[in-house]
Structure formats: structure tokens, C-alpha cells
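Asks: Sequence:
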Amino acid sequence: MKIIFATANKGKIREAAEILGPGFEIVSPADLGIFDDVEETGSTFRENSLIKAQYVWRRTGLDCFADDSGLEVDALGGAPGIYSARYASPGHDFDANISKLLAELGDTRNRKARFVCVVTLLTGGVPHYFEGSCEGSIALRKSGNGGFGYDPVFVPDAWPDLTMAQISEEQKNSISHRGEALRKMAEWLKDGTR
57 MKIIFATANK GKIREAAEIL GPGFEIVSPA DLGIFDDVEE TGSTFRENSL IKAQYVWRRT
117 GLDCFADDSG LEVDALGGAP GIYSARYASP GHDFDANISK LLAELGDTRN RKARFVCVVT
177 LLTGGVPHYF EGSCEGSIAL RKSGNGGFGY DPVFVPDAWP DLTMAQISEE QKNSISHRGE
237 ALRKMAEWLK DGTR
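In our numbering, the protein residues as written are 57 to 250.
Take the hints with a grain of salt, since some may be wrong.
[Unchecked claim] Below, computed lysine to aspartate or glutamate pairings styled on EDC-like, alpha-carbon distance capped at 16 Å: (1) Lys240 to Asp163; (2) Lys66 to Asp87; (3) Lys156 to Glu128; (4) Lys246 to Glu128; (5) Lys198 to Asp247; (6) Lys198 to Asp151.
[To be verified] Each pair of labels, with its calculated beta carbon distance range: (7) Asp87 to Ser230: 42 to 50 Å; (8) Ser145 to Gly181: 29 to 37 Å; (9) Pro146 to Pro78: 32 to 40 Å; (10) Asn166 to Trp244: 17 to 25 Å; (11) Trp244 to Asn201: 44 to 52 Å; (12) Ser145 to Asp217: 25 to 33 Å.
It should be emphasised that the hints constitute simulated quantities derived from the structure, not laboratory data.
A virtual CB, placed ideally from N, CA and C, is assigned to each residue, including glycine.
Start from the sequences and build out the full structure, keeping to the hints where you can.
Replies: Pasting the structure below:
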């Protein structure tokens, strides 16, 4: 099945292709000549995910999906939340975002956090929502070279001695927030419930 993933993030596209497997051909907006940066004006992950999916749907009329995801840290009242990619600055500078996060946490003992993801699938223009989360905590410093975003400081409960950037892509996809949401979407599509 060919489906558009409404993102320009190559890391997310690679991850989605690995999670969804060979039954799905992931197409990016860039593959269709769409290079616009869609402004995320929603106040929730669901609203932002819907905004991105609807933008691609309006431009193409083809089935598509978008995700909005982020990091929620308990000691910071759920921040950075929907502002995860732009936490330190308007650009997607994750080194700066991680530095700001670690500085704000300081030596706080409660480092409990979670990655949250909402995938919005538009089929025939109708939205369907799939959610996933990954519980963990924030490390005191960056470790590992894998993944992207906050992975170097996020220690998943499933691997309490490693950050997401230190585990394999396969291990990450098996527990990640995006992996959970995308597997739910794939199952829904394969069940023919649409």
C-alpha cells in the first residue's frame, strides 16, 4: 500500500518504513514536489498532527498520515510537550534543546518523562487517530550516537541502563511511542476496517 507520510524528517520516514514493513510504501511530500513547512498552530499533539495531515490531503487528495510527538517531563509540568522540536529556539536544534532541558532539570531527582505520539491517518479525508507512548526518565548527560531528537538523554524503562541513542533501531522501534502508534495504524489498515 502506498501512503504519504506528511513529514520532511528523514529520521521519521526511515523509522516509519522500518516499523510498517514491506507491505507499505512510504512517500514523503517532497517526493510529490511539496516542500512547504506547515505551521503547527494547535495546542495538542492531536491538533498539530491533524493540521499536517489535512494540509497534505488538501494538496494531493491522497490517503496520508502525519504524526506529532514530543517529550513530556513531569518535573517541568509536561514541558517541552508540543514545543519539543522548538524548545530552545524556533529551529529544530536538538543540541540546544537538550542543553536547555538538562539545565532546567539541573540536579532534580524526579526525572520521570515520556515520549508521546499521535498519528492522524486521513482516508477519504476522514481522520483516524492512533496514540503511543514510551515511559522513561531523563539522563544526567547525553550518551549514544543513534536515533535523533532527545534520544541521547531519554532512558526508556525497558532498557534502564541505556539511552534511546544507545539501543539498536530495532529495539527502539519495538518500544517507541511512534512505533506503538504506527503499529496500531498498520493493524487498522490491514484489518480492512476502513
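Asks: Provide an ascending list of the numbers of those earlier hints which the structure does not satisfy.
Replies: 1, 4, 5, 7, 10 and 11
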